[in-house]
Amino acid sequence: MPQVEFEKVGKSFGALAVMRELSFRIEDGEFAVLVGPSGCGKSTLLRMLAGLEEITAGEIRIAGRAVNDLPAKDRDIAMVFQSYALYPHMRVVENMGFSLRLRRAPKAAIAERVGAAARTLGLDRLLERYPRELSGGQRQRVAMGRALVRSPSVFLFDEPLSNLDAKLRVQMRTELRHLHQKLGATTIYVTHDQVEAMTMADRIVMMRDGAIEQVGRPLEIYDRPANHFVAGFIGSPAMNVLPGRIRAGADPAVALDGGGVLPLGHVPSLAPGRAVAVGIRPEHLRPDPDGPLLAEVEVIEPTGAETDLSCRCGGQPLMVALRDRGSYRPGQTLRLAPHAGPVHLFDAETSARLTHPESMIQEYDDDRHETRNG
Amino acid sequence: MTGATATQAARLLAAAARRRRLRVDPMGAALTALTLVAALAFFFPLYWALVTTVKPEVEVVRPGLRLWPETFTLEACAFVLTNSRILVWYLNSVVTSVAVTLLVILSSLLAGYALSQIAFPGRRLLYGMILASFIVPISALIVNHFLLVHRLGLLDSWAGIVLPQLIHPVVIIVYKQFFDAIPKEYREAAVVDGAGHFQLLFRIFLPMTTSVTAALAIITLISAWNNFLWPFLAQNSQEMMNVTVGITQVREAYGIRYARETASAVIAGLPMVMLNLVFQRQITRAIVLSGGIKA
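Protein sequence lines correspond, in order, to chains Y and A.
Numbering-wise (the working numbering), the first sequence opens with residue -8 and increments by one.
Numbering-wise (the working numbering), the second sequence opens with residue 1390 and increments by one.
Quick caveat, the hints were computed from the structure, so don't treat them as lab data.
Just so you know, not all the hints are guaranteed correct.
[Unchecked claim] Cross-link-like lysine to any residue pairs, in silico, SDA-like; alpha carbons within 25 Å at most:
| # | chain 1 | residue 1 | chain 2 | residue 2 |
| --- | --- | --- | --- | --- |
| 1 | A | K1573 | Y | T35 |
| 2 | A | K1573 | Y | D60 |
| 3 | A | K1573 | Y | S3 |
| 4 | A | K1573 | Y | R110 |
| 5 | Y | K158 | Y | R110 |
| 6 | Y | K64 | A | F1587 |
[Unchecked claim] Counterexamples of contact, computed for chain A against chain Y with all Cβ distances above 10 Å:
| # | residue |
| --- | --- |
| 7 | R1412 |
| 8 | A1438 |
| 9 | L1520 |
| 10 | P1526 |
| 11 | V1655 |
From the three backbone atoms N, C-alpha and C, an ideal C-beta is built for every residue, glycine too.
Generate the whole structure from the sequences, applying the supplied hints.
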């Protein structure tokens, strides 16, 4: 039985519908990440699940039980907030035990569970401190500890790492993932950071403008984005998208608007002349003297591990991520070809995915994946 | 850096420091002087009252200005303490002021929380009415209050003194504003933790606003203690008088004796002077908080 189910969930303010018919489910023990740009509704969705925001249509179920009309405290969830929301007048130990005290748990039981959570998170020596006496990372851990003592059936995280510096964020990301592996509790995590989504999720729910764009495993979304938007959001640097038209002729190919003809390995049954957008990930492009793309290098960004070339190809911006350090210079013209990865085709009008170049991507053993457009 | 340039730099730095020491800011000096004069003007009546209290009556009425008493005596204080009912008046003042303070804080806390955190029909209207209540000064309502308390049969009782003084919209408004300013995550975290409204208010919101509560309680206490008009109307028997009303009886009973009158006034004001000294910071804060709101 899925642990969390959203069935045709909607939210509207009067006549204005901000969310329409959202349906997806999260299995028991899964780490699901709701990701999308600011204002896409991911936090609202999480708050609806938490019972902090009302829903106006559909049904939310936790462990098979409809929770629409259940107050937050009875939903068996625990939430970690972006600002941590540690009660400033309570010591760490009181912050962590507050929910149990409200439930009138015996003192010995509270002490035991707070102690266990503190040991798990390495907070043993901070229990007598006030939140103001803690660093950002420690506060983050206390917020997690507060959720942990409840042993809820679902953990909710609302952008919990955004207030940390870059280094600590990477460290906490690993710790959170590690903790999830240890506890095995169903977790729903909201972030606008696609790297967090890719690295932490068992399942990504990609959102935009109050709608779900795609649900799937991280690599599945990376390799088979359901549309132009998902393709651009997941992956850094973002996928290159070049407009073109299907060329008439024996070999399937796209004539790019900016010049050049890109042969397609896979044969899509598309009418010649149809307007499409070709998506190529920057890391799938390689310099190739016979390559179909002619690009001019504008900016070179060496990161050590790879070299990112910001180019222009037929008037369109084109990013190339190369594994070698090479000797490139601004103004240089390069011939490029897609290698070692799929070429994605999207409908120019609807931006929906047109092809599944199965032959060029790895297969997934997961039969549960769901995509709206894919 | 060579030795010569180091010496030169040191000389220049010393000169700059000297200039800073000598430079007088004329505006600052003028403001300081003005503040001093104002402070003296405020302080002098208090000083005069204190000095008069410890003078014998003959010295008080002797013509001429003497800033320091020739003879020190506590005769006036002793007289007031032994010949008037000032201790009973004290008790009345303590009971009624503390009751007013506790009830105002409790009711305003609840009202401020409800107005800030609970969406109920008519909330804006209610808040508008509370804001509008500033338009009508309490003294304009005093006849109504008198008739009401009279009909309730509460004249000459502690309850009669306390009830009309519970109207303190400013405290409600300050609480509402403070609760509005508490980030909503605290509330949500507590709701997810399982807190209801009373737990939210008393275990999360109130502890987060203790300094505000202290400041509001102190100014409410001071204003209740110093209140004269209402207790003067509502209390007729000497047994039930507040100290502010009672001290007017000292003159009526024994004729004009300046030393005794100032002594009774000094004794009446003493607790508030002490409160002011101890809680200076909270009082300043309370004035800042209610500044621009207080009618």
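Okay, the hints, checked on the actual structure:
Restraint check for A/K1573 and Y/T35: the C-alpha separation of about 14 Å stays at or below 25 Å, so the hint holds. For the given pair, A/K1573 sits about 21 Å from Y/D60 by alpha-carbon distance, which is consistent with the 25 Å threshold. With a C-alpha separation of about 21 Å, the suggested pair A/K1573 and Y/S3 falls inside the 25 Å cut-off, and the hint holds. For the hint linking A/K1573 to Y/R110, the alpha-carbon distance of about 30 Å lies beyond 25 Å, and the restraint is violated.
About 23 Å separates the Cα atoms of Y/K158 and Y/R110, which keeps this hinted pair within 25 Å; it holds. Straight-line distance between C-alpha atoms of Y/K64 and A/F1587 comes to about 15 Å, which keeps the hinted pair within the 25 Å bound. The beta carbon of A/R1412 is kept farther than 10 Å from every beta carbon of chain Y, the shortest such distance being approximately 40 Å. Distance to chain Y confirms A/A1438 as a non-interface residue, since its nearest Cβ pair spans about 42 Å, more than 10 Å.
Every Cβ of chain Y is farther than 10 Å from the Cβ of A/L1520; the closest lies at roughly 27 Å, confirming the non-interface assignment. Against the 10 Å criterion, A/P1526 stays outside the reach of chain Y, whose nearest CB is about 38 Å from its own CB. The beta carbon of A/V1655 sits about 40 Å from the closest Cβ of chain Y, which is more than 10 Å, so the claim that it is off the interface holds.
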